[in-house]
Amino acid sequence: MSGILKIALKLLVNDKSKFIALLVGITFAVFLMIMMMSMFSGILARSSSSVYNVGAKIWVMDPAVNNATSSIPMPDYVLSTARSINGVKYAVPIYFGNALVKLKSGAYQAVSVVGLDDATLYGRPELTEGNIEDIYAENAFFVVKDAEFKKLESPTVGTEFEINDHRGLIVGVAKVASSGLFGIPTLYTTYNRAITYIPSMRFTTSYILIEPKHENDIPYIQQQVKKLGYQALTRDQFVQKISDFYTFQTGLGMNVLMMTAISFIVGLSISGQTFYTFILENLERFGALKAIGAKGHELISMILFQASFTAVLGYGLGVGLASGLIILARLRLPSYAAQVTYFNLTFAFVMVLIMAGVSSYIGVRKVLQIQPFDIFRG
Amino acid sequence: MMGNIAIKANALVKWFGEGETKTTAVKSASFEANFGELLYIVGPSGSGKTTLLSMISGILKPNEGNVLVDGKNIWEMKSDDIADLRLHKIGFVFQDYHLFPRLTTVENVAIPLILKKMDWNEALKVAMEYLEIVGLKDRAQLPPVKLSGGEQQRVAIARAIAGHPDILIFDEPTASLDGDTGRKIVEFVKTKILNAQRSVIIVTHDSRIYEYADSIMKMEDGKIIGFERNTVTTP
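If you read the sequences in order, they're chains A and B. Each residue of the first sequence is one higher than the last, beginning at 1 in this note's numbering. Each residue of the second sequence is one higher than the last, beginning at 1 in this note's numbering.
One chain only, chain B, in its complex shape (with noise of 0.2 Å):
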């Protein structure tokens, strides 16, 4: 680990398109994600908030800057080994939640467990345990369409955390929610799976959850022009 710091990025940049079509999405983005942190990064949309997220994630190669984790730069790795980096330090939360809706609740949980090789028992077993923990444990052998809103965002987490990762990334959690339920979804993982030796990065443009940031960066236009320490107290 490099002290406190999960995710380092450095002067990153990212085009798409060549000649008159180039479109540069995030130009020179650097900063760091801390254990212990729940970090936003918000701005409006096209401000390159995903694409910054899928860099730092080690799904999306930058065309120049570097990412490092656990002190080494990701992109210097071979497809399989960001691959095994995913899996095994990384959790994440998609906006649509992307749920199988053939498998169960807790074989949706498990499959980080399975990408790991562990036993199908173990790792529904394991899964529970998260379940539990996000409160679902009574809904594990339904499918996911049974679920509201709400609880597939909780199977979306326990999905993410069930893999033990230092770093969770969430992609606009509240925008399928309604306000309500999007502050409790914050609230729960603010509470419940932030602590010291993890990071948690969400990128959202929901002002309502801003409360509950410990820091916020701002993006407009590709650019970080803003990172601020949250002084609002949190409920």
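One chain only, chain A, in its complex shape (with noise of 0.2 Å):
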């Protein structure tokens, strides 16, 4: 480090009371900054967690569905017209419903319902216990080993359950790549008996889920899907679907953003306001650096690293407040809904860059002025 940029660091964490409240300001907005957005992109991801776990390329669904757990029945004649599109390899219809269980204890409990196509069980979670032709047994379910397992009293194989008045019977326990955003646990069971033991509409598929002979014939299957009304998206696309849903018809986007922008203010005020105290108190040392022989372009170093060196400090603390605050609450709340994505880090590095400049630039701007002359005048 060189000599001049090594005062300015002297200067700046010497300076105790203001660095701790530099580093507190940045610190706390990138910590609001990162939480918030964490929050938002974990309740979008559990909110994809059906698409991602039944893992299909290609989705057929009313085009009114915005999101996947709530689906909207399609006819029969969508199956067949779908397995007659040209670059369909297969399609095979999947169902989404909830239902209450009675458990041992007599308690009820709400669940959610993936009924497999009986044929293939396309879509099917991995199992970690139990054999998975044993789901063609009577009465037969898997049960999803995540967060809600507890709900159902941690269901085993052979443990016995009530589910809308019919018995059923666990088979297998899956687990499955995320699981869902309400906090209900998962059952999964064949799509006829899935429409058997839950009250149904006149239609029952809830979505049809393609497999493409070739990438390039995705275009024209959505293209020959639409013709029937339907819509066929890619799973990027469903996702994508889902997460607008959730950002822009529901609020919680909207609020996210607003508390993401009232943390950068929040930052911003105390930062800027610090660092335009801290170069005020040493406006005079500026000038008189000036007058010494400094130039221009090294006191704005100075400044500059100042700045930054609070800025990253404070990011670094920050990042580490919000993980570590995750991973506590993955202790005590397993289900809990944030993620640190990468998005998430570089939007609130940025943020804390623009502080930074903001910051810096009104020092900057302040130690230009000073001339060595008003030293001189005192």
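Hint data in this document are derived by calculation from the structure and do not stem from the laboratory. Glycine included, C-beta positions come from ideal geometry on N, C-alpha and C. Among the hints, a few may not be true.
Unchecked claim - Below 27 Å or equal to it, Euclidean Cα-Cα: the simulated DSSO-like pairs (lysine-lysine) are:
(1) K10/A x K146/B
(2) K295/A x K117/B
(3) K137/B x K6/A
(4) K10/A x K190/B
(5) K57/A x K175/A
Said to hold, decoys possible - Covered by chain A, per the in silico footprint, the following chain B stretches (three or more residues, Cβ under 8 Å):
(6) 10 to 23
(7) 43 to 49
Reassemble the complex: the two chains are provided individually, in unrelated frames, and hints are given to aid placement.
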């Protein structure tokens, strides 16, 4: 580190009260921004958990569907037509629904039920206990061992329960990539059992899952499905549609945006004000440095270094604090929906750089304006 | 070098403001400061002493006239070159010292050396030698706020001479000090700092220290009204 930057560092860190105030301001702002965006990212990821867990390349749905759990059942002819489209390797129905389970203890618990195509079991989860063919046994269900698993009183293979007055039997325990958003356990069974056990409307197919013969066939398949009055979306498109719904149609996105903006403004105000005071207090000394022979670019580098150092340190502390809190929350609440993403980290870093930039701009202006002659005049 | 002349000011004029608010602070001031000489610029407040000092030290550009240092007109130089000239040729001791309270005493003294790109540890080593000259080696690691006014003044002097300048400029060095300390400081400058290769210019209106001057230049209302060699024996 050059001598002039070392002086800048000492001037900054030896002014403990202001240095701490600067750090607290930036750390607090970063912490709030990361927390808000992480929670939002977590919610968005959870909202698309079914799409990720099933893993189909193309999802056919009613165009009015805006999230995976609120499907609009489609008539059977859509499935037949989908199967006849050129470029479709295979197409299967899948059922998504909710039911009430009566547990051994007599308590009721809402569950999410996924009905897999009887012939192919396409979209099945990975089993950790039990055999996949047992799903064809009478009243058979797989239970997903996720954060909500305990709400079903931690069932094992052989555990019985009641589902809509039907007997249910756990024949396997599965794991999935991501838990759902609404905090209810998930059961898998066959499509036909699902529509038998759970009261349904006239149509029962929630989605049609399509495997294209080739990636190039996807646009044509989408086009043909559209002619039927339905929509075929790739996995990424469906995830994006769900994200857009939560971001723009639920108020969630706006709330997060506002909180993030407020965090930024609070951080900017604290750091900007404190840094400005710091510069004002040292203004005459900067003038003295100028008189002694320091050049403008050297003074600018001192101020930029001070602002950047504080910003990077505050950013690190803020990220560490937010990550620590998320880890602690996960220990207590395994289903805590928050995830720190590279986008969140980059966004917060850019915001911190803007804070540092604005704060140092004010300082640089002040320092460049001060004339050594003012120092002589006192 | 221009023989024995450290600084030569030619017909310097400086005014502030325009139109009705125009005030002329220095009116056609010409003088020379020599090496080995302790020159006082004296006069009442508002007589233009500080403005003149600022123009000859490359801090304030005159409206008319020129200043020669090493035979070069400093006001024809680029601003970075003037900054370099100040760094290498001129040392300043400000009225309020302007020491950095968040740096130690020795770090304050090392500033001109650090600005000259000297290695940090080497600069501190050299600064310590200058602190020894001003008798404050034992206070090296203290912040300036822990020092008395006289000690802070000496630290400021150490900082000014650490860059090994040819010209030392003091602005009201005794203004914040009691009479005894003020006299000691100027006596110290005269006996320890001034030498044949250095010129010291002191702006003051403290008549208690006139006795130490080699030459006294009197100013009034922006004009140099007198220049005399001091005949009083220096104590």
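| Outcome, coverage hint (the region 43 to 49 of chain B, chain A; C-beta under 8 Å; three residues) | Our answer is that it is violated, as 0 residues pass the Cβ test (under 8 Å) against chain A, missing three.
| query | Straight-line Cα separation of K10/A and K146/B no greater than 27 Å? | reply | 18 Å, holds
| request: Take a quick look at whether K295/A and K117/B sit within 27 Å of each other, Cα to Cα. | output: Since the Cα atoms of K295/A and K117/B sit roughly 12 Å apart, the hinted pair holds (cutoff 27 Å).
| query | K137/B and K6/A: Cα distance at most 27 Å? | reply | Distance of about 22 Å is within 27 Å: holds.
| query | K57/A and K175/A: Cα distance at most 27 Å? | reply | Holds, at about 20 Å.
| message | If you count the residues of the region 10 to 23 of chain B with a beta-carbon closer than 8 Å to a beta-carbon of chain A, do you get 3 or more? | response | violated (count 0)
| Keeping to a limit of 27 Å between CA atoms, is the pair of K10/A and K190/B held or broken? | Cα-Cα ~34 Å, so violated.
In this structure, the hints that do not hold are numbers 4, 6, 7, in rising order.
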